[in-house]
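Novice: What follows is each chain in one-letter form.
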Amino acid sequence: TQLLEQSPQFLSIQEGENLTVYCNSSSVFSSLQWYRQEPGEGPVLLVTVVTGGEVKKLKRLTFQFGDARKDSSLHITAAQPGDTGLYLCAGAFVNTGTASKLTFGTGTRLQVTL
Amino acid sequence: EAGVVQSPRYKIIEKKQPVAFWCNPISGHNTLYWYRQNLGQGPELLIRYENEEAVDDSQLPKDRFSAERLKGVDSTLKIQPAELGDSAVYLCASSSGPGQTQYFGPGTRLLVL
Chain W
1 TQLLEQSPQF LSIQEGENLT VYCNSSSVFS SLQWYRQEPG EGPVLLVTVV
51 TGGEVKKLKR LTFQFGDARK DSSLHITAAQ PGDTGLYLCA GAFVNTGTAS
101 KLTFGTGTRL QVTL
Chain D
1 EAGVVQSPRY KIIEKKQPVA FWCNPISGHN TLYWYRQNLG QGPELLIRYE
51 NEEAVDDSQL PKDRFSAERL KGVDSTLKIQ PAELGDSAVY LCASSSGPGQ
101 TQYFGPGTRL LVL
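From first to last, the protein sequence lines stand for chains W and D. Residue numbering for the first sequence follows the numbering used here, starting at 1 and increasing by one per position. Residue numbering for the second sequence follows the numbering used here, starting at 1 and increasing by one per position.
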């Protein structure tokens, strides 16, 4: 079983603070995705990264894919209460032979308070 | 455009009872996925369909779980009999094809007592 570890598991911060969430594996990804899931809802895709070293920005969110395509990070600048939710990374591993099989991380639960 | 629809949203049953979940994917999406999400965990794939064919069911506990997608559109996932450890959120997702973006439904939250 290929594991995808996320850290930290829980994060409680105040509005305006910055934070970084990490996603790590010992195997190489063909692509990696970040999702946000709110209570009672399914995960919603934020971004897909495919190239080693790739950086993508989505407003205050910055996503980085490691050079070796084994890790990724999500950085949020000036967090707002609306950023509260469960952040999941999900990777398609090269050795599964298919981009359709996603392995999800355990998630990082973020709470942003006023 | 409507998203992925799942029903019921919540289900409470006693152990050893059967239960079924229904999913209607986004119109035109040929690929359909069923995931199970335990509390505090990420989703785990149970089965993936390409049209009506189950192309990956390696993670489906076949002794008690079954799924079908007879006409390549709607799908049902059944558990018979349910066990306490089956309590989880069951998510359905669809995509326009293999490797394309997966869109998730809101899930069915199952509690087995």
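If you are wondering where the hints come from, they were derived from the structure by calculation, not from laboratory data. Since the structure is predicted, the reported quantities are computational estimates derived from the model, not experimental observations. Among the clues, some could well be false.
Quick look at which bits of chain D chain W covers, simulated, 3 or more residues with Cβ under 8 Å [as the list claims (entries may be wrong)]:
{"#": "1", "stretch": "42-48"}
{"#": "2", "stretch": "90-100"}
Distance condition first, Cα-Cα at most 27 Å in a straight line; then the derived DSS-like pairs of lysine-lysine [to be verified]:
{"#": "3", "chain 1": "W", "residue 1": "K57", "chain 2": "W", "residue 2": "K70"}
{"#": "4", "chain 1": "D", "residue 1": "K78", "chain 2": "D", "residue 2": "K16"}
{"#": "5", "chain 1": "D", "residue 1": "K62", "chain 2": "D", "residue 2": "K11"}
{"#": "6", "chain 1": "D", "residue 1": "K15", "chain 2": "D", "residue 2": "K71"}
{"#": "7", "chain 1": "W", "residue 1": "K101", "chain 2": "W", "residue 2": "K70"}
{"#": "8", "chain 1": "D", "residue 1": "K78", "chain 2": "W", "residue 2": "K101"}
{"#": "9", "chain 1": "D", "residue 1": "K16", "chain 2": "D", "residue 2": "K62"}
{"#": "10", "chain 1": "D", "residue 1": "K15", "chain 2": "W", "residue 2": "K101"}
{"#": "11", "chain 1": "W", "residue 1": "K101", "chain 2": "D", "residue 2": "K71"}
We put the beta carbon where it would ideally sit given N, CA and C, even for glycine.
Novice: For which of the previously enumerated hints does the structure constitute a violation, in increasing order of number?
Specialist: Violated hints (numbers, rising): 6 and 10; every other hint is consistent with the structure.
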